[in-house]
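Enquirer: Numbering (the numbering used here), first residue to last: 9 to 979.
Hints should not be assumed to be uniformly reliable.
[What the hints assert, rightly or not] Derived Cβ-Cβ restraints for the label pairs, each shown as a range:
| hint | residue 1 | residue 2 | range |
| --- | --- | --- | --- |
| 1 | E549 | S667 | 29 to 35 angstroms |
| 2 | S667 | E712 | 20 to 26 angstroms |
| 3 | E712 | R96 | 25 to 31 angstroms |
| 4 | E838 | F336 | 24 to 30 angstroms |
| 5 | R387 | A927 | 27 to 33 angstroms |
| 6 | I836 | T698 | 46 to 52 angstroms |
| 7 | N894 | A304 | 46 to 52 angstroms |
[As the list claims (entries may be wrong)] Result set (DSS-like, lysine-lysine): computed pairs, CA atoms no more than 30 angstroms apart in a straight line:
| hint | residue 1 | residue 2 |
| --- | --- | --- |
| 8 | K789 | K740 |
| 9 | K739 | K834 |
| 10 | K740 | K671 |
| 11 | K758 | K705 |
| 12 | K758 | K739 |
| 13 | K932 | K333 |
| 14 | K438 | K355 |
| 15 | K223 | K514 |
| 16 | K717 | K739 |
| 17 | K69 | K514 |
| 18 | K671 | K438 |
| 19 | K553 | K828 |
Hints in this document: simulated from the structure, not taken from any laboratory.
Note that CB positions come from ideal geometry on N, CA and C, so glycine has one too.
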Amino acid sequence: MNKSILEKLANTLEGQLNYDSLSKTLYATDASVYRKIPLAVAFPKTSNDLKILVNFATENKIGLVPRTAGTSLAGQCVGEGIIVDTSRYFTKIIHLDEEKRQVIVQPGVVRDELNQYLKPYGLFFGPNTSTSNRCMIGGMVGNNSSGTTSIQYGVTRDKIVALKTILSNGNEAVFEAISKEVFLDKLEQDSQEGKIYKFLYEELSNPKIQAEILKEFPKSTIHRRNTGYAVDELLKNSVFNNSTEEFNLCKLLSGSEGTLAFTTEITLQLDELPPQYSAMIATHYKSLEDCLSDVAPVMKHNLHLCEMMDKVILDCTKNNRQQLKNRFFVDGDPAAILMLEVKAGTKESLKEAIEKLQKTIKKSGLSYASPVLYGDDIRKAIELRKAGLGLLGNMIGDKKAVACIEDTAVALEDLKDFILEFSDIMSGYKQNAVYYAHAGAGELHLRPILNLKKATDVKLFRAITTDVAKLTKKYRGSFSGEHGDGIVRAEFIPLMIGDKNYELLKRIKKSFDPAGIFNPGKIVDAYLMDESLRYKIDRKEPEIKTLLDFSDSEGILKAAEKCNGSGDCRKSHNMAGAMCPSYHATSDEKDTTRGRANTLREFLTNSDKPNQFDHEELKEVFDLCLSCKACASECPSNVDIATLKAEFLYQYQETNGYSFRSKLFASSTKSNALGSKVSGFTNAIYNSKTLGGLLKKVSGVAKERSLPKVYNFNFNKLVQNANNKEVNNLKKIILYIDEFTRYLDIEVGKDAIYLLQKLGYEVELFYAESGRTYLSKGFLKEAKKLVAQNIENLKPILDKNLPIIGLEPSAILSFRDEYKRLYDDKSILEKLSNNSFLIEEFLAKEIEIGNISSNSFTKEERIVKIHGHCHQKALSNQKVTFDMLNLPVNFKVSIIASGCCGMAGSFGYEKEHYKTSMAVGELKLFPTVRKSDVETIISANGTSCRHQIYDGTGRQALHPVSILRQALLIK
């Protein structure tokens, strides 16, 4: 299409229309295996914008593909027309009716954020998907989502009271429950809405059509059935039988994947919050068959959750930093685990429910362990299960667990036999499938392991899907339980419901959408399931040389390909975790981990340039990455964008040159060392409005930003003076004086030396520049040289097995992280990693083993609030700081639920990034600090974090070591 036509369309919208190559790349994929380059991406701001888009699509015979979070597994959100993303502006909770327990929302409201809003009212929206912290209500309606709670609270379809929509002619229509009399009145209306009602009445009144539906559709006892349009649900009302239930077209629209109308408002029926007390029994099994045999008997209890994870999923969690701690309840090496949750209004009734369930478990005798979990341990176990889909991306190499047959649902009585036959099919294809299940609902997320870059496996992709579709049909199951038909399953709908019913679906589509503009290729007239795949089949793999070592992912391209699109990086700052701070500030897909990984994959795969990294689009997506490393731990697939960005910057700058400012920041240690020799003069310049302002202007630093002061101090003399005194030394430790401590944060260094020596440790200093500034700006050759030099100097220390203690997280933790990609001797690297510690890690351990007592510290009351450094959160944990600062008996310590502070080294200084930097700080950190009493101590162990807190709030934050040193009684 001519760009001038799209430009004209863009000018008529209150929202935006993007048709640049980057936007189209970002929206070419979702969480499925498919890739379709769209014509454009629209961000409508109003219903009028949507009407304009509908009319434009009709006139130009193009499709409109609705999209919210883009986490669909079946390809519902990809297409060649205009992607219509309502997640940016259609995000309002419009009205809550407490009496009716109903809420009206726009489609871009996030499920978990809705429940945060509802909690004070004692209400919640029940359907709960594994993506609930970023999936949106519009997408849940489109897919008829259900999740873990469906056995107790039903599916999305059960909760929809009304839908306000825009029809294919641009008119608005509200669909809700209506009586038979109102229904019959609708038949007289000369509008598209009236014609739809009339069509449905004529079709569904036909006894033969009703009989065909009842004969061919999945068993009605299967609650999760979402194959095609839910016409079987439309028969259950006063219009078509003797039921007292009113007719509601929302039953049909739910699960229609945006192929019938465009939804602008959704009215939901809510439930009261679940009972207060809960427990989970995690039954462990030596075989899958034993596990499945227990499902039916345990489901006779009033369970709130009955979920299954198999060994493949559990093994994936072993390699995920974030999920490793959530494996605490896993006993041995089970083939499968059932997670069974019971809830009750009192402790006594909960105890009774547990005992009854345990009795059933004991009677079967099939599980070898069944620990009972309470409180926060239940949340941790559920988080482990929730991460399951994304964790499958941890498989190294091109073979992945592929979503195609992962959404089958059968009646509970058929579950075991179905799975055994399914296993036989998989064995016939020499497949070890992944079993990940809502077992209590009869739904198994079954995934074959395939390499869809190879034609042989693409053939298997179709063959396995076909055979499992036939098996599902044999048991009158649903081939789409909750993930939808999309592209991957839509062409099997005729098999699942019969040709006559499929023709009915086509007629329904025609009545709603005569021009076929709404999400074409889905449900009817489907795209082929083995075309438009993410990767070109039997392609020659691009050869990409890197300076960093990506061998742990079999190269940088496969490191980017680990992103499966699950969209965990799209959770907002209202959710737990730090990923992804730039997205939190901008709500733009390009600023997500997914957006960056997808763009890198796209250009590394398809670039025809000598340097595949030499693309402005890549520069744009990496621009706002703060290199916080939250993705390295929070992304279930461990996509480490900070490391990918470092390599990109290096490769891009090798072709395009290194800017003056980048050189200035990268070599800032040298300038700090030089400035420290005349620190008074240097700091006077920095503080000068004229000279400091000129320096900022020349170096591209934001005028609003304060410049860090430099200092000159002889740490050796301080250590020597203390070591000359008699000290009862517990052990010798190496205190790493990094480039930040040496020239910027000398007081922190002094406090650390004083504290450690007074506590009885012999302190030896190790001076070195970590290379952090070079890494952050992509100066990898310089970083590699520094790494080699540092390791050579550290070898004598490592030979003695002495602990190396660091103060600045971004410096000491590089020993455990980036150094592994910049040095070849893995045995030395392992020794370095094992012997390098944050000072909080070291002291927390010493406290735990009894080497440090609270008797050495003040008993005065203090309130301390901790902001942890991003690298600490990603590569260590904040608990060590919490434990260390809780040593003084009357210290009341809490961790601020903040993500990244927003400074991120040089990022927050740069004038074009200053606003984003401060916006990130304003999300959580700054408001919490401002609300704190002036007597409250703010703890921040990162030099950038302390600087950002000062610039953003005027408060002086202290390193945890300084806080503990001030509390020390020993003089």
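Enquirer: All hints, please: hold or fail.
Expert: Going through the hints against the structure:
1. E549 with S667: 29 to 35 angstroms: Once the Cβ atoms are compared, 33 angstroms apart, the range 29 to 35 angstroms for S667 and E549 holds.
2. S667 with E712: 20 to 26 angstroms: For S667 and E712 the Cβ distance comes to about 21 angstroms; the hint holds.
3. E712 with R96: 25 to 31 angstroms: Given range 25 to 31 angstroms: holds, Cβ gap about 28 angstroms.
4. E838 with F336: 24 to 30 angstroms: Once the Cβ atoms are compared, 25 angstroms apart, the range 24 to 30 angstroms for F336 and E838 holds.
5. R387 with A927: 27 to 33 angstroms: Holds: the Cβ-Cβ distance is about 30 angstroms, inside 27 to 33 angstroms.
6. I836 with T698: 46 to 52 angstroms: Because 50 angstroms falls inside the window, the suggested range holds.
7. N894 with A304: 46 to 52 angstroms: At roughly 48 angstroms between Cβ atoms, A304 and N894 fall inside 46 to 52 angstroms, so the hint holds.
8. K789 with K740: Measuring from Cα to Cα gives roughly 34 angstroms; hence the hint is violated.
9. K739 with K834: holds (27 angstroms)
10. K740 with K671: The hint is violated at about 38 angstroms.
11. K758 with K705: The given pair, whose Cα atoms are some 34 angstroms apart, is violated under the 30 angstroms limit.
12. K758 with K739: holds (19 angstroms)
13. K932 with K333: Status holds; Cα separation ~25 angstroms.
14. K438 with K355: Not satisfied, since the Cα-Cα distance of roughly 49 angstroms exceeds 30 angstroms.
15. K223 with K514: Holds. K223 to K514 sits at ~19 angstroms (cutoff 30 angstroms).
16. K717 with K739: Distance of about 34 angstroms is beyond 30 angstroms: violated.
17. K69 with K514: holds (18 angstroms)
18. K671 with K438: violated (55 angstroms)
19. K553 with K828: Between K553 and K828 the Cα gap is close to 17 angstroms, so the pair holds against 30 angstroms.
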